Amino acid sequence: MFGVKNAWWKIITIVFLLYSVIGGMWIKLIPAISGVSKSQITENDKVDVYVYNGWMDSEQGIKAWTIDYTEKNETQWQASVKVINKQKLELSFPESPYPENQTLHLVVETPAFRDTLFNAFYFKVDSTRKSGVLAVQKIEPRRKMLNLYFGFPNREILNETIRNLFFHVPIWFAMMLAGAIGMWHGFLFLRKGKMDDDIKAEKYLKTTVFMGILGLITGSIWARFTWGTWWTFDVKLNGAAITVLIYVAYLVLRSGVKDEIQRAKISGVYSIFAFFMMLLFVMIVPRIYDSLHPGNGGNSPVSDYDFDSTLRMVFYPAVLAWMGLACWISQLNIRYQRLKNLKEDEI
Amino acid sequence: MIWRLIQFEWKNDVRNASSIIGILLYIFTVLFFCLQSFIKTPDAMVWNNLFWVVLIFSAINATSKNFSQYNRGRFIYLYTTVKPQHFILAKILYTILFMLAITAITVFVYAGFFGFGPLQKSNIQLYVLTLFLGTIGFAAILAFMSVLAVRANAGNAITAILSIPLLIPLVLAVTELSRLAINNLPWDLAQSSITVAACVDAMVIALAYVLFPYLWRE
Numbered sequence: 007m008f009g010v011k012n013a014w015w016k017i018i019t020i021v022f023l024l025y026s027v028i029g030g031m032w033i034k035l036i037p038a039i040s041g042v043s044k045s046q047i048t049e050n051d052k053v054d055v056y057v058y059n060g061w062m063d064s065e066q067g068i069k070a071w072t073i074d075y076t077e078k079n080e081t082q083w084q085a086s087v088k089v090i091n092k093q094k095l096e097l098s099f100p101e102s103p104y105p106e107n108q109t110l111h112l113v114v115e116t117p118a119f120r121d122t123l124f125n126a127f128y129f130k131v132d133s134t135r136k137s138g139v140l141a142v143q144k145i146e147p148r149r150k151m152l153n154l155y156f157g158f159p160n161r162e163i164l165n166e167t168i169r170n171l172f173f174h175v176p177i178w179f180a181m182m183l184a185g186a187i188g189m190w191h192g193f194l195f196l197r198k199g200k201m202d203d204d205i206k207a208e209k210y211l212k213t214t215v216f217m218g219i220l221g222l223i224t225g226s227i228w229a230r231f232t233w234g235t236w237w238t239f240d241v242k243l244n245g246a247a248i249t250v251l252i253y254v255a256y257l258v259l260r261s262g263v264k265d266e267i268q269r270a271k272i273s274g275v276y277s278i279f280a281f282f283m284m285l286l287f288v289m290i291v292p293r294i295y296d297s298l299h300p301g302n303g304g305n306s307p308v309s310d311y312d313f314d315s316t317l318r319m320v321f322y323p324a325v326l327a328w329m330g331l332a333c334w335i336s337q338l339n340i341r342y343q344r345l346k347n348l349k350e351d352e353i
Numbered sequence: 024m025i026w027r028l029i030q031f032e033w034k035n036d037v038r039n040a041s042s043i044i045g046i047l048l049y050i051f052t053v054l055f056f057c058l059q060s061f062i063k064t065p066d067a068m069v070w071n072n073l074f075w076v077v078l079i080f081s082a083i084n085a086t087s088k089n090f091s092q093y094n095r096g097r098f099i100y101l102y103t104t105v106k107p108q109h110f111i112l113a114k115i116l117y118t119i120l121f122m123l124a125i126t127a128i129t130v131f132v133y134a135g136f137f138g139f140g141p142l143q144k145s146n147i148q149l150y151v152l153t154l155f156l157g158t159i160g161f162a163a164i165l166a167f168m169s170v171l172a173v174r175a176n177a178g179n180a181i182t183a184i185l186s187i188p189l190l191i192p193l194v195l196a197v198t199e200l201s202r203l204a205i206n207n208l209p210w211d212l213a214q215s216s217i218t219v220a221a222c223v224d225a226m227v228i229a230l231a232y233v234l235f236p237y238l239w240r241e
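Chains as they are written, first to last, in the numbering used here: chain A, 7 to 353; chain B, 24 to 241.
Chain B on its own, in the form it takes in the complex (with noise of 0.2 Å):
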């Protein structure tokens, strides 16, 4: 069932490929514009921080578009026939599997446009991790919020209030372990900011699928 959702959710996108488009055309303009103001490359700090900075605001934008296609009658529909806890076990794999995209485009356009200088000497296993860590938070936690959002009839602006408190902790975490990463320090040190964004994302998707259903009802 879980499955099917997602795929749903996937023709639903495909058939608007006017948002995916636009969330490409948006991650491009964003390192566009990084790339044009920086006069020289930046160092290894600034790199990483920039990526994150961009990465929160595309997995913003991305999310927003979330639910722009439900309509009322399709919750009807999906109510009659989907359980809810199904529903948004569904949103937020999909969500997940989309930011594992948005991400992966991100790395390489980003590497593309500054290099992958701080990469070189890092320990990769640890980065890919966080980017994992990371970007699995950031799904979670928008998808939940823009449900709330839907649900509440309120518009995007509300997505970005609710879930970025939300996403600070998360960012100061994986921001932290990819410093880590990058300096090819060893892996106890980063046992604390993997527990944490282990946590947080733990902790959004285990309550999203206990308090869903109480949204699930008119």
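Isolated chain A, as found in the complex (with noise of 0.2 Å):
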């Protein structure tokens, strides 16, 4: 096709690449509570809660109520509904019918969705003044949803940055591929002594480097918007921000040596080095240590709650489009290194 070789994977590439971008953007988060008004209120009293993406229109089949901290109990605390506008919603509660203090979670149910949020409330009952005291408290939050949008998880702490898995972590396998094959190409060399496979090597590697970097830029903006920092001395962090210094390095060894064969031989020794390095550093490092990142250090990994279906479905091709694009920049990078030697020959 277009009478290019071997075309059929960059096809897929940009196939891919478009599709995660454009799905990975244009796909909503399903609707969630994302938060409530009022920290401190009384029976009787008012409360807003505002839900992210909720589109309701009117109060039709918009339920609320809380539902206390054990579950064992089975009173609902049944609130009148008033809809503000599309994403608020305000609740009044009645007389309370819960006798003492309890942790209250808050359910919002309308026709196409339910969502609980736990440990909405602290409910206390106020001796003073015989009515109680509603707090929000947020006790770890967790959600439980049910839904009928078509949509990503809405998660507390995440929220719309949970596209960002679409970008950081394809960018890291595929920093890992490029690695990979440009350690490959190293140890072709040493094997056999063809030069092609050192400006293999050499332009495999530097798509690693500049995928380490795109890796530790969106892993950068991610924490920023979730951990609260540009950057934290997390293991991982730790181990990612090496291996790229480690790639950098290879870099400086290759432009510090003069003679071709020499340069080759050592620097094909030195990816092998540096690959396994990356592996203990990225890979068994964290795993020893507790890190932040999800599936180390007691935190669950991201497959155990929220990688649904939906992120799967761009997930998936996200991974094969970032690994084909860095073999893609790297083959262009080689083929115009080989039409650039072939002019140095002519000459």
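No lab work stands behind these hints, which were simulated from the structure alone. Here the structure is a predicted model, which is why all the values come from computation and not from measurement. The C-beta atom is built at its ideal place from N, Cα and C for all residues, glycine as well.
Some chain B residues near chain A, calculated using beta-carbon distances under 8 Å: (1) L171; (2) A175; (3) I181; (4) P188; (5) L195; (6) S215; (7) V219; (8) V223; (9) L238.
Could you fit the two chains together into a complex? Lean on the hints.
What follows is the structure in structure tokens.
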């Protein structure tokens, strides 16, 4: 097709990349309670409840109630609901059915979805005024969802940044792949001594550095909006930064050696060394220490809870797309270098 | 054979006594400078971290002189007489022994200047183990990287550029370990850091052993 040999994987790369960028940005998050307005209110008071992506037009079919923390007691405290706008409800609670201090979950149900905000309120009986006080308390917020919408999971802290999953993670996968291919060509050079393998190794490892820097940038942005800081001294972050430094050192080493064959040999050895060190720092060390990342140090891996089919549907193509992109960039560089060498030979 | 090569290295170093004296002078000067810049005795954490910083830079300095006396002729002579695996193992072992001596000297001079204060209530076995793990790792990484740099004819700066990224995880692990040792915390807290330091040490030595033969031939 297009008169280009072996173009099929490039086409797949383009299609998957477009799909993951457009799909990853276009698909909405499913509705979820994003917050409650007041921290302390008395009985018969009104609370505003914000529902992200809620799209609520009328009171028809919308219900809201609280259930107590233990969930043994089935007492529901039904609130009357008034829709203020598409993303905002006003709840007013009548006389409380709860006799004593309780932690309460808030449930909002519409025809299309139901969302529970765990530990939304702490209801305390005020003995002096004989009326209840609702105190918003967010201990270990978790969500249980039921919805008829098609969308990505909407989780506390992550919120819209969940889309970064289609960039940050595939970029690291692509980096590992480029590093592995680069190492393989370095190894082939050491075995067979063809200069072409050296060109390939260099270009793949250049892509590795590029992808590593992209991975650090996307990770940094993600950390800013979830952990609240651009950079933190987490093991995995350290490992990633060190890996990028090692590959930068590889490029410095290459530029330092004049003799071509000697350069190819030394950089081949260093690329193998660097790859195994990368495996150690990125794969093994974060599993020994505790990391903030999902899947490390007691944090459950992403697939445990919210890595649902919608995410998978975009995530796996994104991984393939970024891996393809890494190979493609490297191959263009390789071909450019070959042409440059040919030209030099002619002169 | 390895033992012969180690002796050979030692004779070389003794012949160029200036390099050894240079390293000792370096340690004394740096520590004296540190002593002058602190008005009062530093607390345990500063004491610990400063020690590792001093040790890393004396290690880099010590190994950068590693191959200064190796010219092309000597390589060709070695090439005809020894196996590359023996050569690299001897080089790493010699560097480890040399670095252990440097570490011991640094510890005592350091303690002479700043006192043994933080070590008095510490878990001394863990501290010594940390010193060993750290020194072995530094020596192995720096020895292999200086071989690479020598084969690249690229000067000493390249050794530092190549080895510093590799040293960082090891440094993080050993500073953590010595912090645990100084605070006399139980051994099971130290397990993960010991594993990491030992992994880095073992991996570097293994990779050097496997990869060095490719660098040997010219």
